[in-house]
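In case you want the letters, here they are:
6 protein chains.
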Amino acid sequence: MPLFDLPLERLREYRPERDEPADFDDFWARTLAEAAALDLAPVFTPYEIPLPAVEVFDVSFAGWDGHRINGWFVVPKADGPVPCVVQYIGYSGGRGFPHDHLAWPAAGYAVLVVDTRGQGGANINAPGATADPHGGGSPQAPGMMTRGILAPEDYYYRRVFTDAVRAVDVAAAHPAVDGGRIVVSGGSQGGGIAQAVAALRGEVRAALVDVPFLTHFRRAVEITGRDPYQEIVRFLATQRGSADQVFRTLSYFDGLNFAARGRVPALYSVALMDDVCPPSTVFAAYNHWQGPKEIAVWPWNNHEGGGGFQKEEQFRYLHKLLSDR
Amino acid sequence: MPLFDLPLERLREYRPERDEPADFDDFWARTLAEAAALDLAPVFTPYEIPLPAVEVFDVSFAGWDGHRINGWFVVPKADGPVPCVVQYIGYSGGRGFPHDHLAWPAAGYAVLVVDTRGQGGANINAPGATADPHGGGSPQAPGMMTRGILAPEDYYYRRVFTDAVRAVDVAAAHPAVDGGRIVVSGGSQGGGIAQAVAALRGEVRAALVDVPFLTHFRRAVEITGRDPYQEIVRFLATQRGSADQVFRTLSYFDGLNFAARGRVPALYSVALMDDVCPPSTVFAAYNHWQGPKEIAVWPWNNHEGGGGFQKEEQFRYLHKLLSDR
Amino acid sequence: MPLFDLPLERLREYRPERDEPADFDDFWARTLAEAAALDLAPVFTPYEIPLPAVEVFDVSFAGWDGHRINGWFVVPKADGPVPCVVQYIGYSGGRGFPHDHLAWPAAGYAVLVVDTRGQGGANINAPGATADPHGGGSPQAPGMMTRGILAPEDYYYRRVFTDAVRAVDVAAAHPAVDGGRIVVSGGSQGGGIAQAVAALRGEVRAALVDVPFLTHFRRAVEITGRDPYQEIVRFLATQRGSADQVFRTLSYFDGLNFAARGRVPALYSVALMDDVCPPSTVFAAYNHWQGPKEIAVWPWNNHEGGGGFQKEEQFRYLHKLLSDR
Amino acid sequence: MPLFDLPLERLREYRPERDEPADFDDFWARTLAEAAALDLAPVFTPYEIPLPAVEVFDVSFAGWDGHRINGWFVVPKADGPVPCVVQYIGYSGGRGFPHDHLAWPAAGYAVLVVDTRGQGGANINAPGATADPHGGGSPQAPGMMTRGILAPEDYYYRRVFTDAVRAVDVAAAHPAVDGGRIVVSGGSQGGGIAQAVAALRGEVRAALVDVPFLTHFRRAVEITGRDPYQEIVRFLATQRGSADQVFRTLSYFDGLNFAARGRVPALYSVALMDDVCPPSTVFAAYNHWQGPKEIAVWPWNNHEGGGGFQKEEQFRYLHKLLSDR
Amino acid sequence: MPLFDLPLERLREYRPERDEPADFDDFWARTLAEAAALDLAPVFTPYEIPLPAVEVFDVSFAGWDGHRINGWFVVPKADGPVPCVVQYIGYSGGRGFPHDHLAWPAAGYAVLVVDTRGQGGANINAPGATADPHGGGSPQAPGMMTRGILAPEDYYYRRVFTDAVRAVDVAAAHPAVDGGRIVVSGGSQGGGIAQAVAALRGEVRAALVDVPFLTHFRRAVEITGRDPYQEIVRFLATQRGSADQVFRTLSYFDGLNFAARGRVPALYSVALMDDVCPPSTVFAAYNHWQGPKEIAVWPWNNHEGGGGFQKEEQFRYLHKLLSDR
Amino acid sequence: MPLFDLPLERLREYRPERDEPADFDDFWARTLAEAAALDLAPVFTPYEIPLPAVEVFDVSFAGWDGHRINGWFVVPKADGPVPCVVQYIGYSGGRGFPHDHLAWPAAGYAVLVVDTRGQGGANINAPGATADPHGGGSPQAPGMMTRGILAPEDYYYRRVFTDAVRAVDVAAAHPAVDGGRIVVSGGSQGGGIAQAVAALRGEVRAALVDVPFLTHFRRAVEITGRDPYQEIVRFLATQRGSADQVFRTLSYFDGLNFAARGRVPALYSVALMDDVCPPSTVFAAYNHWQGPKEIAVWPWNNHEGGGGFQKEEQFRYLHKLLSDR
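Chains as they are written, first to last, in UniProt numbering: chain A, 1 to 325; chain B, 1 to 325; chain C, 1 to 325; chain D, 1 to 325; chain E, 1 to 325; chain F, 1 to 325.
It should be emphasised that the hints constitute simulated quantities derived from the structure, not laboratory data. Please note: incorrect hints may appear among the correct ones.
Copies of one chain are not kept apart here, so a pair can be met inside one copy or by any two copies together.
[Claimed, not checked] Straight-line distance between alpha carbons at most 27 Å, and here's what the computed BS3-like set of lysine-lysine pairs gives:
1) Lys311 to Lys77
2) Lys77 to Lys320
3) Lys311 to Lys293
4) Lys320 to Lys293
Make a model of the complete structure from these sequences and hints.
Right under this line is the structure:
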């Protein structure tokens, strides 16, 4: 992959105008309030697997409109409450297997891995277990990007972000968790979700945002030819005349607008050869972020971003951050 | 594309055992009865387009669970009721444009083109206008093949086939249509739908079934590596342990079981180099069909089947059939 | 497909210098005069197909050097002469089937669909029926772009454009046609041909030019990596030293030079993500067009351009234009 | 490439029925007689290139219908007449450069490299210089395989084989050549041509036939999905109903029918993983060959066949054969 | 991926003849004895990473010819010696990161992850850290499959298997490990290595062999067109005449010959749509295995095999096996 | 391929800063001195092949560290010493066959074709015969670009360039060669090698450098997405943190630094659509070259560059140059 986006020195200063609807905060306040009116109804079912170092639970809770959202909750055997990482997942994937999520417990944290509704049906490495019972209000491109995209109320990610915010509540309410030390985390779609949740739930302690997707849609769809952003282009190419409506919807979900509301400590990462989530879209959000922030730049990588190296950065970052408090 | 399936002489005799659930007829009787309890509520809105030879209507009606299904109704200017072709659509497509559907009117028939719910969101040649508001009961592979595949009640095609049967009612009820001369028609997915509707609505006058999809699933997923049958394989590869449940669901929707109930005249077509809907899956259905039948064999074609040649066959076939009655 | 060409605001003003040979007009005058010396010898053979709303004729006429050119002529049953659309075809395709061309008749126009000589031999959706008995004067790249490209007299499109001009005469001479209301139309290659014919036969009433090919060759071969423009690049890469000769030939066929002679009303379309016929090549011609003109810009589309939406635009455009006269 | 055709032990015995038209010999006698009525008119133009070991001539002669066919004639500086290899070329290629053809001269032979008319326009390694002024009698698939395929008289390879036979005459007439020691040679298309010429000009001393194309068409188009055989399939898929006519034409050009008339010594080669010219089509011809014969089997190769190894085999084979006489 | 290999019922009985050199056991005895003469020289360097549940060591030891082999050793904090899983790695990958290997420690085992020399240089998810200082005795195809393939003494996998056997010694010698409960494990290339080590080090307690590579070479190279087996085919296609020598070399490394010497309990897995390591090659080894054995069959999967599901099987299998002893 | 690099007028002036290590000359002096301490030990074994115009020798000599390097030496039968072209080979290829190298002998030169160690194992057209017994000091990406890339002393091309310099000595020492008229030559990798050797062995008479690889690494890896430059990117993406070390190593091998030391006459070639060795990287070197120089610009070609046309240029160039002296 050659370099194709802005050079690094311009990326560091790239802070574009945001397209923010006047009722952005109202929209989310209303959405979350409606959700809050429903009982969270978390269920933690012990999962039988011979992994004595941890306790594993098959979790479900009531997400948007009460739909059941599934996840894994893995907690190290400890004497008292531990901090918890709420982990969101990259596009197409599901929660996978409990043994995929042993790093945070080994580091001393509980981890709550949250399914992205409807996803994980065809990802051999990360099966999911959660339906999206709401099919959307228009035809859609295959994939999830355009499900319900003609209205913010109906857009798929309204349900996903609501589920994700409530997952923080699920984590916070568990007796093994220290509710004051919840961290949201994810890469790609998971990074976009974590970024949004950190803005919507300012109480979280930190956000780990890797190569975030769902961010700076307008530029993304114009400069990359790859999925999943191209799902939107295929929809626009077919459902002509819908562009204004589509971009209006997306403005309620754009990571730029969440980043501008992010006030907690954040560790970002970006890859300069990433043509799935181009570096300018990531820096655009990072440069709008309001809280204390750091960004790891991976100059030779595509969308894999920092991979395991970034994970080690995160262990060290949280270790320092949570020890310091 | 080389030849890859059985040789033609064996195809002509290929009539495999069917896997039919005991309550197949009950399931469909119940499904259609539930639907019938809802008002059809058809709306025919005149569509402004300078095509003086025909009248064009933007149609909608209440499909499964009352969801609004859209279509085009194009009718030649005539002195009395005309026969009507109800046209179903190939996978991923939507109803397209009225001017795409002028052949049947030029031949003297009304045509009702029926959206396939949720499809047509990313097909630049055939945009659709109909949502599938039901999202299914499990995660899914991108596309529609596995939406709700873990239970027959919840499977996507239960809704689609119900919509399709009700479209016949919509056509029959229109004053410009001679309700005794309704023909169902389609290619690929549309052929699978037409095949099912002809079995479920024995009152239709004929079925035109081209290179049908949704037929002989078990063999199809084992011998072709192409989509959309592979959507099912990707789901099975991910959602392991679900195969029995998946194939049980599919047995309620398998074209083989509808073909065995088909008693109206049918004109099939099949292509011997078709690796999307392999010829053995088509002949399997054709050889089970109970009514008067003919099949056009296209030896050098892939999934395009007979294309425009087949369409001319259909004009002639219907012309003869409907004149004879 | 990402955006890759000039931004829209610059496209609107992009009007490059043209490379026009001094004897451009002479060349075409001479070519058409030679052709005019041959009897047009049109033959209209009724085609048996049960489409009672129209009359269908299998047409042939003497094109360049008297070679027989085939087409379909489809005319609505009407009381007097009707306007006629002469339709040219996209690269690789042939005239297809009569039932593919029922939209203009339904709109009240006759339509003459003209084969592009030698094409349509391997396009499953649009078979052709016309040979190009002249093989050209040099080796060629597979495809038609470089057949005879070393001399304007010998170039394939000299024959094609001549055939196309004469098709207008064929239409005009038919008793069912109102010769004062002939419109030329086409997309891609067909758009390039229509553009040329409108310049060469100023008597036509209008031109419908969609995402035209054969236009601004010099830029096209440098900015797109896709066929068919790349056929020329492969020839240049092989037949080195021929570039001056090749571009000299092309200057007699370049849509820019025809556009600069276009004086009839024209409706263009262009797609901003079109990497087959890049938008700057289309705007270059449009900005040179001399007559009354409009252009539909499709921002999210590739070479499919406006598709059926554009077709609806054309119905409305002609309806208005031809009613107004 | 995995093995995909018959196992070697069955290949060695594979000698299928041939489909031979009754007037096969008449057809070719008539064709060659008509050609013989035209003056061969060879022109040998010295080519300036500092290669002192050889003399290089840019050759042309009158091929089918008098069309000028080009080639290179490279002859070692020698005291008397030398044997000559007439070399035919693989599909898409042209005669290339004189310095590509120095191996036979270094081995003591003159070499006449014969352009395949119309080819070599887009093969960067082997440009050609010869037109096919005859464009054929029907539309064609891109490439040369279907040019004029609806009638034997009009088929492209009638012209090519005639050119190729006359090239032997050109070689034989040159004073530097010993006309009793002319060998025909080629790989792929060139092998198919050499095979035909050896049957049509029984006076040649030997044939070197590598992985021959144009042989056992019927089986080839059914078992391989690759070009150029697939050009025929695409034509059949489009020009439906033409199959009988197409296979009748091909029967006049099928290597099986030439092989059955081959009486001179022949050295064949075949590759067991060749999915361009499948091994069964090669063995089918080899097993029909009537003269003394040997075949080199390359078990792990695709269409590259024996490559340079086979060339060394040929040096040794001819060295022995021509020394022995 | 369609099914392409033998049907399951035949796979269960497929036990082909093996091609075993007479001195197979001598070769390996000599190879391992030479290696044993060198000091193992293990170095365990604590690795600083805030993962308090485990101890992490960056390991190196002297492999074949004393070359330094690197790995990770991760051990749960425990009161006494624990069993240890020695983990080998799939083709192209390296040891990755310590946090990738926390599942076995969470299950109560130490894990020693062993680099495959020379690999891991371009696998973004699993970087390696170990060179192969021996470059081989002939040119090679890119990749590792043909490095030194012309002689068993020189073949790459002689070094790899020797490293792998010695890794068991490294594990056994560590004070935290119960040397009587060492299990070898791996998938694909790692499965092939584990299979070999279990035969060569009969003292290991069990082998976990997933979709093993390096097994039944002769059939594999003939039925699959995918890498890495195709590296061998490309070599054979180029280095002609070397096939006997190559297959002789491979006979010393073929999993079939190791399986026939496998006497410890083994848990295999196989995927029926695996076209990288075709199921017949896996069953061939499994059916030759001499010890107690089980095999998990994944009917809908390609080379991902059982994925995380298989991992859970392994937790349960070892839990039972090691508790039972 | 569209144009993608700088426009020609800027290319002609593009002369970037070079990144040259202070001890560049020392490094190479030391390397070559160490090599010179080893006996060259050339062996010329006559090769039996019936090519009477030339003498063919299978050559080997002691390259870096005494490793045996193989090649072909082909010499025309002549009365006295002849000039000699030392030919280096493109990436992945080996020396091929003697009959591939008859052009220089036909032109009156001896030719020494030098294997590139380790390459030619999987190039069906150009098998090699030379091992690289040194495997490098770190894991590597498949291919040769990153073998030993972490240290200049250990880098693969240190061995290759040393072999290449010594090949000049081998040629010069042969009695059939006029040691004062040795020319180095090659395309792509071979061009990079020739460029380096011309700088390191200022005694050569000229350099023929076609579309050179291994030149201006820093820019190349950023602007092209194709192999082999991308081998380096994949390594950097995996072995993170190694970039400084990698680029330091490469600075000892970068064609820019050799070009700046080139003082002999040089004939370069460059292709403007070359996305393997982008034109700016070639012009960068050419513009740094110190000696008399010419460059052939191929505007429409990709990495095939000038092909046979360039070869003819070279015959003429050397003919003039060597006659003039």
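A quick look at each hint next to the structure:
Both within a single protomer and between protomers do Lys311 and Lys77 lie at most 27 Å apart by alpha-carbon distance, with minima of 22 Å and 22 Å respectively. Within a single copy, Lys77 and Lys320 get their C-alpha atoms as close as 22 Å, and across copies as close as 23 Å, so both meet the 27 Å cut-off. Only within a single protomer do Lys311 and Lys293 lie at most 27 Å apart by alpha-carbon distance; the minimum there is 17 Å, versus 38 Å between protomers. Taking the shortest alpha-carbon separations for Lys320 and Lys293, only the intra-copy value of 14 Å comes in at or below 27 Å, while the best inter-copy value is 48 Å.
The structure fails none of the hints (numbered hints given earlier).
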